Each structure stands twice: as structure tokens, then as C-alpha cells.
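So the sequence lines, in the order shown, correspond to chains A and B.
Its first residue numbered 1, the first sequence is counted upward by one per residue in full-length UniProt numbering.
Its first residue numbered 1, the second sequence is counted upward by one per residue in full-length UniProt numbering.
Quick caveat, the hints were computed from the structure, so don't treat them as lab data.
What you are looking at is a predicted structure, and each value in this text was computed from that prediction instead of being measured.
Hints should not be assumed to be uniformly reliable.
To be verified - Have a look at the derived ranges for each label pair, beta carbon to beta carbon:
hint: 1; chain 1: B; residue 1: His307; chain 2: A; residue 2: Ala176; range: 47 to 57 Å
hint: 2; chain 1: A; residue 1: Arg239; chain 2: B; residue 2: Ala366; range: 40 to 50 Å
hint: 3; chain 1: A; residue 1: Leu253; chain 2: B; residue 2: Arg54; range: 50 to 60 Å
hint: 4; chain 1: B; residue 1: Lys337; chain 2: A; residue 2: Glu132; range: 10 to 20 Å
hint: 5; chain 1: A; residue 1: Thr353; chain 2: B; residue 2: Arg165; range: 27 to 37 Å
hint: 6; chain 1: A; residue 1: Ala196; chain 2: B; residue 2: Asp412; range: 37 to 47 Å
hint: 7; chain 1: B; residue 1: Ala118; chain 2: A; residue 2: Gly396; range: 37 to 47 Å
hint: 8; chain 1: B; residue 1: Arg54; chain 2: A; residue 2: Ala135; range: 40 to 50 Å
Backbone N, C-alpha and C fix where the C-beta goes; we use that ideal spot for every residue, glycine too.
Here is how the chains run, residue by residue.
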Amino acid sequence: MRLFLMLSLLCATAAQAATAPPPTHDFTLDNGLRVLVREDHRAPVVTVMLWYKVGSIDEPAGRTGLSHMLEHMMFKNTRHLTPGDYSALVSRFGGQTNAFTSYEYTGYYQQYDASRLPLALELEAERLANLEIDAEEFSREVQVVLEERRQRTDDNPSALAWERFAAILRPGTGYAHPVIGWQRDIEQYTPQQAMAWYQEWYSPANAVLVIAGDVTLEQARAQTERFFAALPADPVPDRPTPRQAPAAGERRLSLSLPVQVPSLYMGWNVPSLATADNAADYYALMMLAGVLDGGYSARIESNLVRGRQLATGAGAQYGGLAREDGVFIMTASPAPGVSLAALEAALEQELDTLRTTPPSAEELKRVRAQMLSSSVFEQDSVFGQAMELGYLTIIGQDWRLADQLDQRLADVTPQQVSDAAKRFLTRDRRAVAEVRPLNQEGTQP
Amino acid sequence: MSLNKILRLVIIAAVAAGLVWLIISRPEQLAPSAAVAPFPQSLPEVEEAPLGRRQLDIQSWTTAAGSRVLFVQTEQIPMLYARLVFNAGSARDGDHAGLAMLTNAMLDQGADGLDVAALARGFEDLGARLGNSSHRDMALLTLATLSAPEFRDPALALLTRILARPDFPAGELARMKTQQLQALQRQKQVPGPQLSDAYNRALFGDHPYGIPSNGTEQSLPGIEPAQLAVFYRQYYTAGNAVIALVGDLSKTDAKRIAEQLSSALPTGERAPELPPAAALTEARQQHIEFPSTQTHILLGNQMIDRHHPDYPALYVGNKILGGGDFSAILMDEVRQKRGLVYGIYSSISPMAAAGPFTVSLQTANANAHDALVLTRQLIADFVANGPSEEQLKLAQDDLVGSYALSTASNSDIVAQLGVIGFYDLPLSYMDDFQQALQQVTAEQVRGAFRRHLHPDTLLTVSIGPHDPNQAAAEDSAP
Numbered sequence: 001m002r003l004f005l006m007l008s009l010l011c012a013t014a015a016q017a018a019t020a021p022p023p024t025h026d027f028t029l030d031n032g033l034r035v036l037v038r039e040d041h042r043a044p045v046v047t048v049m050l051w052y053k054v055g056s057i058d059e060p061a062g063r064t065g066l067s068h069m070l071e072h073m074m075f076k077n078t079r080h081l082t083p084g085d086y087s088a089l090v091s092r093f094g095g096q097t098n099a100f101t102s103y104e105y106t107g108y109y110q111q112y113d114a115s116r117l118p119l120a121l122e123l124e125a126e127r128l129a130n131l132e133i134d135a136e137e138f139s140r141e142v143q144v145v146l147e148e149r150r151q152r153t154d155d156n157p158s159a160l161a162w163e164r165f166a167a168i169l170r171p172g173t174g175y176a177h178p179v180i181g182w183q184r185d186i187e188q189y190t191p192q193q194a195m196a197w198y199q200e201w202y203s204p205a206n207a208v209l210v211i212a213g214d215v216t217l218e219q220a221r222a223q224t225e226r227f228f229a230a231l232p233a234d235p236v237p238d239r240p241t242p243r244q245a246p247a248a249g250e251r252r253l254s255l256s257l258p259v260q261v262p263s264l265y266m267g268w269n270v271p272s273l274a275t276a277d278n279a280a281d282y283y284a285l286m287m288l289a290g291v292l293d294g295g296y297s298a299r300i301e302s303n304l305v306r307g308r309q310l311a312t313g314a315g316a317q318y319g320g321l322a323r324e325d326g327v328f329i330m331t332a333s334p335a336p337g338v339s340l341a342a343l344e345a346a347l348e349q350e351l352d353t354l355r356t357t358p359p360s361a362e363e364l365k366r367v368r369a370q371m372l373s374s375s376v377f378e379q380d381s382v383f384g385q386a387m388e389l390g391y392l393t394i395i396g397q398d399w400r401l402a403d404q405l406d407q408r409l410a411d412v413t414p415q416q417v418s419d420a421a422k423r424f425l426t427r428d429r430r431a432v433a434e435v436r437p438l439n440q441e442g443t444q445p
Numbered sequence: 001m002s003l004n005k006i007l008r009l010v011i012i013a014a015v016a017a018g019l020v021w022l023i024i025s026r027p028e029q030l031a032p033s034a035a036v037a038p039f040p041q042s043l044p045e046v047e048e049a050p051l052g053r054r055q056l057d058i059q060s061w062t063t064a065a066g067s068r069v070l071f072v073q074t075e076q077i078p079m080l081y082a083r084l085v086f087n088a089g090s091a092r093d094g095d096h097a098g099l100a101m102l103t104n105a106m107l108d109q110g111a112d113g114l115d116v117a118a119l120a121r122g123f124e125d126l127g128a129r130l131g132n133s134s135h136r137d138m139a140l141l142t143l144a145t146l147s148a149p150e151f152r153d154p155a156l157a158l159l160t161r162i163l164a165r166p167d168f169p170a171g172e173l174a175r176m177k178t179q180q181l182q183a184l185q186r187q188k189q190v191p192g193p194q195l196s197d198a199y200n201r202a203l204f205g206d207h208p209y210g211i212p213s214n215g216t217e218q219s220l221p222g223i224e225p226a227q228l229a230v231f232y233r234q235y236y237t238a239g240n241a242v243i244a245l246v247g248d249l250s251k252t253d254a255k256r257i258a259e260q261l262s263s264a265l266p267t268g269e270r271a272p273e274l275p276p277a278a279a280l281t282e283a284r285q286q287h288i289e290f291p292s293t294q295t296h297i298l299l300g301n302q303m304i305d306r307h308h309p310d311y312p313a314l315y316v317g318n319k320i321l322g323g324g325d326f327s328a329i330l331m332d333e334v335r336q337k338r339g340l341v342y343g344i345y346s347s348i349s350p351m352a353a354a355g356p357f358t359v360s361l362q363t364a365n366a367n368a369h370d371a372l373v374l375t376r377q378l379i380a381d382f383v384a385n386g387p388s389e390e391q392l393k394l395a396q397d398d399l400v401g402s403y404a405l406s407t408a409s410n411s412d413i414v415a416q417l418g419v420i421g422f423y424d425l426p427l428s429y430m431d432d433f434q435q436a437l438q439q440v441t442a443e444q445v446r447g448a449f450r451r452h453l454h455p456d457t458l459l460t461v462s463i464g465p466h467d468p469n470q471a472a473a474e475d476s477a478p
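The task is simple: from the sequences and hints, build the whole structure.
Structure below.
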């Protein structure tokens with residue numbers, strides 16, 4: 001009873017905090033640039049992010065990783081900047097800058113003392129409109145990207161295993177190739193390809209600008225207009241509307257790699273918020289992942305890592321925010337002496353339990369409590385707030401999504417969680433990769 | 001809206017006028033400044049703009065049981081961080097590498113008769129998170145909770161039980177050791193962790209900082225619950241603890257909470273000081289053979305300890321040479337100008353009894369020799385010549401301009417408070433250090449580097465298929 005009271009209170013308080021974020025403004029320039037402004041006046045700092053709706057899923061065969069390659073070139077030559085100028089300017093004004101490329105977007109950020117906002121915007125506008133690609137700089141940067149690939153993937157057998165698993169997880173989609181690209185493609189990039197990619201996708205109407213921190217709407221609007229309003233409104237290429245894909249059929253992969261410890265990857269093709277027939281499916285899958293792996297008291301950790309001690313580590317997560325379909329993923333490392341087959345059976349057994357017996361109301365409350373308090377904790381970081389706004393918007397979702405979180409999670413019934421496991425975590429939606437050390441049982445000749 | 005439209009039209013008109021102007025004008029008739037709009041236009045205004053300043057009111061006191069407390073009230077987000085920092089890192093492991101790490105990790109695995117599941121449910125029902133970690137100097141516990149008393153107080157009550165009566169149950173310890181041994185196995189798959197272990201062993205030798213914090217395959221199996229209990233009673237004491245509180249909390253509540261946490265701990269004094277770590281006095285090279293496509297290299301030497309008066313000059317110098325961003329010398333020369341690496345960085349790690357300087361890089365095997373020779377040359381040049389006035393100015397502008405970013409979030413603030421408390425720094429330390437950085441001269445940077453870093457006594461440790469110290473005659477480019 002006392003616990004129940006506390007949970008109701010938690011949900012009330014956390015929801016209040018979570019659904020009352022600092023003021024956020026949303027406007028669009030005539031050339032199509034969408035601008036989001038999050039006011040957070042705690043500290044005199046500002047984060048500026050420019051997100052482009054182009055990522056590795058947009059790349060054709062033979063050009064994999066081109067979005068990421070272009071991201072590197074955005075720190076080199078522009079009409080007014082030679083290599084090194086951009087970094088030196090950001091440094092001189094105490095800024096931090098970097099960029100990120102993923103399946104669905106390419107993003108650039110600068111963080112500064114709030115008084116530097118005009119500079120940050122002017123630099124982003126320059127890169128949006130005036131990139132130049134020097135052939136010699138380009139070929140040097142290809143070498144850097146190859147080093148990056150060696151470092152992140154080629155010399156890390158777990159990353160290699162993941163790359164190969166990802167290749168069967170969403171067959172026939174742009175999610176099946178690595179964001180950084182295949183080595184043979186990276187080696188053959190030309191400056192012309194990068195320039196064409198830039199001209200095709202880097203336009204105001206294909207971008208979202210996020211300004212977060214100690215800034216008012218008036219300041220943000222005036223400075224945005226000043227540097228971006230005059231940029232031409234280039235057309236954005238058409239994209240197919242995402243639709244839920246049919247089940248691909250079960251896929252299995254057996255890998256022998258120079259790993260020291262075996263591991264198991266399982267993934268299911270499930271709808272995302274964008275492709276779900278009903279948004280309730282998305283929230284039910286979120287809850288399902290939380291019941292399995294929402295902390296130390298959740299089922300995987302309680303039953304498999306601690307209870308039966310079949311795994312030294314295991315987890316489940318739902319990637320339900322995407323431009324196309326989502327994925328539900330479980331990964332695990334067996335405890336010494338436990339076979340991958342036994343581990344897979346144990347994970348499937350946990351799912352079976354959920355398919356036949358709905359979780360308890362207490363479990364769902366605990367998951368909800370954690371999700372709501374997390375959304376309060378996440379407001380601590382201005383950068384994190386900017387990431388959330390930019391990410392949701394660039395994948396086509398409403399940045400106010402968190403406002404609904406409390407009610408949406410409260411609406412999920414135990415039966416819906418069970419149904420989600422039954423409907424979506426089926427064999428014909430599943431991909432499995434078993435990863436074994438070289439020279440162990442299962443090694444291929 | 002209409003105002004913005006007008007503004008935009010004015011800008012468009014200005015740009016259009018500028019274009020026409022350029023086309024119809026003969027360049028030689030123009031003063032350069034009139035011909036090309038200066039870029040960036042915003043430069044004068046951001047140069048003149050006063051920097052913002054977040055006034056942090058750090059309050060500090062000592063609890064009845066002897067814990068140092070640092071507190072900052074921040075009201076905007078309904079959350080609280082409570083961090084406890086103990087002088088209980090792996091430097092206190094003695095002959096049992098991994099003991100400090102296991103003690104720290106086992107605190108929430110059973111306490112006061114509650115088993116691990118009950119403790120986990122207790123925090124998670126409240127939406128609270130308890131985090132722990134252990135390093136060479138410090139061991140930390142951090143509770144993040146909503147600040148409303150209905151959640152805060154029961155979460156703190158659970159934390160108090162953990163601090164007061166950890167049970168160190170044997171079954172959970174056995175499981176945790178298995179997990180840790182497997183983590184060590186996993187580290188052998190990749191070059192990085194093996195390299196840093198070897199580097200620390202070579203750099204610190206028998207000094208307590210040479211102990212591998214995560215334990216070893218030899219040391220972990222022998223560690224028993226009773227040893228954890230002894231370690232806890234010796235080092236997780238009120239006198240050896242710093243309590244940092246940041247969040248939506250009154251001072252009265254902060255005082256009460258600090259007393260509650262502090263009085264839960266065993267009584268005891270601060271851990272004794274560690275002996276200073278000595279620098280290596282001759283160049284040493286060590287190579288580990290590993291079938292990777294890149295060769296990873298660490299080079300450096302022991303420089304100073306945390307409190308050395310040359311620290312500000314070395315800090316500024318390190319930033320210019322290889323700290324952080326793309327304009328640093330190493331990044332510019334090795335990556336930007338030659339494409340040899342994805343990343344190359346230098347760092348100074350200011351610890352209680354040491355402050356090693358370390359350069360790290362990773363490069364394709366065929367380039368490893370050239371990259372190493374170049375890196376050594378860049379270090380030697382920097383020690384010999386120091387920074388130019390221009391490099392110094394850029395670094396100092398960067399440091400003063402980025403100061404506001406260092407206390408932007410509650411999590412940044414609690415980290416700063418932990419460091420100030422742990423290393424006994426004055427409450428004005430962040431401001432003092434900023435000022436010291438601004439006053440450093442190029443001559444002082446040069447002098448400090450010459451005193452503390454000798455290019456002919458560098459330790460080089462590498463991992464990859466071939467020793468990069470040897471010219472790669474047999475290596476054909478891929």
C-alpha cells in the first residue's frame with residue numbers, strides 16, 4: 001500500500017517535471033529551415049546543432065559511408081575558410097565542436113559561452129552554403145577515415161561481429177550497411193561524389209537547426225534570420241514514405257572471430273513509432289524492453305544473470321524511434337561453461353513466459369517510474385536537450401513526444417505487453433548471430 | 001513576423017547589392033576590406049561581448065563524524081545528486097589487485113540484511129539511480145534521485161543502510177569475480193586495454209599506481225568477502241570521505257543529509273598519503289605483438305603531482321601541444337596535415353601522488369614507424385622551443401571562453417565538487433586556476449616543460465604486429 005502510494009506520487013511528480021520542460025520555440029524560415037529554440041537559463045552557455053536529414057540509409061551500394069565522409073570534409077575548406085580556420089575560430093572563442101553521422105542523419109554541433117551565438121550560427125551557415133572540396137585534402141581525409149574504421153571496427157572483433165549481425169538484421173534496407181561504410185567503398189570515394197552528396201542533401205529545407213541554452217526567442221530568431229534567411233531554398237529530393245515491412249523470415253549467422261568470449265545477438269524486425277499501425281504498439285514494446293531490462297531489478301538481470309547465472313551480462317532494448325521500421329534486440333554473453341544454445345533457449349524462455357503470462361502491474365509501475373525520472377534527469381544537460389529535440393524532429397516525430405510519455409505509459413496494460421511479445425517477437429521476424437572464438441566448437445574449416 | 005520579413009528582405013537586398021557590386025567593379029579599384037565582406041561578420045561583436053558567468057555558491061563544512069561536505073543549491077530541476085568520494089582507490093589494493101574495485105562494486109550487492117534484488121527494487125521503485133566506480137585515487141558512489149522528499153528520503157535511507165552495513169555476500173562476490181574475469185578476457189580481444197596496462201606497469205613499477213585497478217586473472221580468484229569487509233572498515237570511513245551534494249535542496253536539509261550519510265560510516269581517519277611517483281630516468285621501449293591492423297602507441301613519463309606549482313603552465317602547454325581539439329599541434333601535424341591517424345592526444349593526469357604526461361596515437365601498421373618518429377620530434381620541438389605567443393594566446397582565449405561550460409549542469413558541478421573536496425583544494429579553486437592559466441607566459445610553459453619532460457627519457461609502449469621503433473623495411477604498404 002505504501003509502495004503504491006509512493007509510486008503514484010512518483011508518477012505525479014516526475015510527470016510534472018517531465019511534462020513541463022523549459023520554454024521551447026519552433027519556427028520555420030521561408031527557405032524551409034526548421035528552427036527549434038530551447039531556453040535554459042541556468043548557465044551562460046549555448047549549444048547550436050545543425051541536423052541534416054541524410055545518413056547512411058540513404059546511400060546506394062558502392063557509396064556506403066559517403067555521408068560520414070562528407071561530415072569530415074565539413075571541417076576543411078569553405079569559400080571563406082581554409083583547413084584549420086574553423087577549428088581555430090571555435091577554439092579562440094572557447095567553443096567545443098564535433099559532428100556525428102548515423103543511419104538517419106548527419107549532425108554538427110558547437111557549444112560555447114552564450115555570447116558566441118552569432119559566430120556559431122555564421123559558421124554553420126557558411127558550411128551549409130559554401131563548402132568547397134579540395135582534392136588533396138580529400139584524399140588525406142580518406143586516409144583518416146580508413147584509420148577511424150580500423151580503430152572502431154576492424155581491430156575490434158565485437159564491433160566486427162555487430163557489423164555482420166547488422167547486415168542480416170534488416171536485409172534489403174539501408175540499415176544493413178555500416179554507417180562508416182565498407183572499406184572497399186571508402187577506398188574508392190572521389191571528391192566529386194562527396195560534392196554531389198552535399199549538393200543533393202545539404203539545403204535549408206532538409207535541415208533542422210537547434211539552439212539550446214541561455215538564449216531568448218528574440219535573440220535566436222534575429223541571429224538565425226541574419227545568417228540563414230538569405231540562403232536559397234533548394235529542393236529536397238523525394239523520399240519514399242516508410243511503410244512497415246513484412247517479416248523477412250528467420251536468419252541465422254554463425255561467426256568465428258578472434259574474440260575471447262562467445263556472445264549471442266538476437267534481433268526482431270518490429271514496427272517503430274513511425275511505422276506502427278497504432279502508437280500503442282510502440283509504448284507496449286517500450287514497456288516490454290523495460291520489464292526485461294529496465295535496471296538491476298528487471299527480469300534478465302534477476303533471472304538470467306543473478307538467478308540462474310547463465311549469463312555474465314545480457315540486455316534487451318527496443319529501437320522504436322527511427323525513420324523506418326524499428327528493431328528489438330537482445331544481446332548476451334554466456335557464463336563460463338554455458339553454451340550459446342542454452343543461453344538462446346533461456347532468453348526465448350523469458351520471452352515465452354511473457355507471451356503467456358502478462359507482467360505484473362508492479363513491474364510496469366517500476367518501469368514507468370524509471371522512465372519518468374530519467375526524463376527529469378536528462379534535462380540536466382543542455383546538450384542532451386538539444387540532442388533530443390534534433391533527433392525527434394529529424395526522424396519526423398514531434399519534439400513534444402515526452403509530454404505524452406506519462407499518460408501513454410500509464411495506458412499500457414500488462415496484456416498489451418504480453419501481446420506485443422506474442423505478435424512481434426516471432427521466429428519469422430528474428431535474426432540470430434552466434435559469435436564464437438576461433439578454434440572452438442563450431443569453427444568453420 | 002512582419003518585422004522579421006522586413007529584416008530578411010533587407011539582408012537579401014544587401015547580399016544582392018553586394019553581388020552586383022562585385023560583378024560590376026574592377027577589383028583593383030576597391031580597398032580589400034570593401035571588396036569582400038569580412039568573414040566572419042560576427043567577429044567584432046563576439047570579441048567585445050562580455051563573457052557570462054555562473055556564480056556558484058559553494059558551501060562547505062565538516063560533519064560531526066569528520067567528513068568534508070561541499071554543497072551547491074541549484075533549484076531549476078527537481079533532482080539531487082549525492083556523491084561520496086573515498087580515498088579508497090586501487091592505490092590501496094596492496095597485494096590484492098582488484099580489491100578496491102570489488103569492495104566498491106559489492107556495496108550495493110547486499111546490505112543490512114537486504115539482498116541485492118531488494119536493494120535494486122528499492123531504488124528503482126523510486127526512480128532513483130545508484131552508481132559506483134573506482135579509480136586509482138578515488139572510489140565513488142553517486143545517488144541521483146528526484147528531490148521531492150517522498151523519493152529523496154527513502155532513497156537516502158537505502159543508501160545509508162548500504163554505507164552502514166554492507167554484507168559482502170559470498171555468492172554475489174563469486175558471481176562478480178566471474179564477470180570481472182570475463183571482462184578481463186574480453187579486453188584481450190582489443191589492443192587498447194592491454195597497452196594501457198603495460199604502460200602503467202612500466203611507468204609506475206612498484207608504486208601503488210602500478211596496480212591494475214581492475215585486478216588480474218591471478219589476483220581476483222583469491223579475494224574473499226572478509227578482505228572486502230576489512231577494506232571497507234579501513235577506507236570507507238567518515239574521516240576518509242568527501243560528501244558532495246548538488247541540487248534542489250535547502251542548506252538545512254543538506255546539513256541533515258550529510259550528517260545522516262557521514263554518521264552511517266565507520267569511524268576512522270583519512271588514508272595516509274601515498275609516496276610520490278618518480279619519473280623514469282632513461283628512455284625505455286616495450287612492444288607487444290598483436291595481430292591488429294593498427295599499431296597503438298603510448299609515450300610519456302611521470303611529470304609532477306596534483307599540487308605542483310608548475311601545474312598551470314603544464315596544463316596550458318599540454319593544451320597547445322595535444323589536448324582536446326583540432327588546433328592542437330599533434331592533431332594538426334599528424335592528422336590534419338598528413339592523414340596518419342584518426343586521433344592523437346596528449347594528457348596530464350593530475351593525481352594525488354603523480355601527474356604523468358602521456359601521448360596516445362593509433363595508426364595503420366605501415367605508418368607506425370613514421371608516425372612515432374614524427375610524434376617524438378614534435379614533442380622534442382615543443383620542449384625545446386615552447387609555444388609561440390600566438391599559440392599561447394589562442395589557448396588562453398579558449399580556456400577563458402570555455403570556462404562557463406565546465407559548470408553548466410548539475411552533473412558537471414558535482415564532479416567539480418568531488419575533485420575540490422578530495423584533493424583539498426580551496427573553494428575558490430576553479431576561479432583561482434582560471435586566473436593562473438591566464439597569467440602563464442610562453443616562457444613559463446617552456447621552462448616548465450623543460451624541467452619536467454625530457455624527450456630523451458620517454459617511455460614508449462606499443463602494440464601491433466611489428467615494433468614501430470624499428471623502421472618497417474619488411475612492411476609493404478597494403
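Hints and how they fare:
For His307 (chain B) and Ala176 (chain A), the Cβ-Cβ distance of about 54 Å falls inside the hinted range of 47 to 57 Å, so the restraint holds. Against the hinted window of 40 to 50 Å, the Cβ-Cβ separation of Arg239 (chain A) and Ala366 (chain B) comes to about 41 Å, which satisfies the hint. Against the hinted window of 50 to 60 Å, the Cβ-Cβ separation of Leu253 (chain A) and Arg54 (chain B) comes to about 51 Å, which satisfies the hint. For Lys337 (chain B) and Glu132 (chain A), the hinted distance range of 10 to 20 Å is satisfied, since their beta carbons lie about 18 Å from each other.
Separated by about 35 Å at the C-beta atoms, Thr353 (chain A) and Arg165 (chain B) satisfy the suggested range of 27 to 37 Å. Separated by about 42 Å at the C-beta atoms, Ala196 (chain A) and Asp412 (chain B) satisfy the suggested range of 37 to 47 Å. Remark: the range hint 37 to 47 Å for Ala118 (chain B) to Gly396 (chain A) is upheld by a beta-carbon distance near 43 Å. Hint check: Arg54 (chain B) to Ala135 (chain A), Cβ distance near 46 Å, so the stated range 40 to 50 Å holds.
This entry satisfies every hint, going by the numbered hints stated previously.
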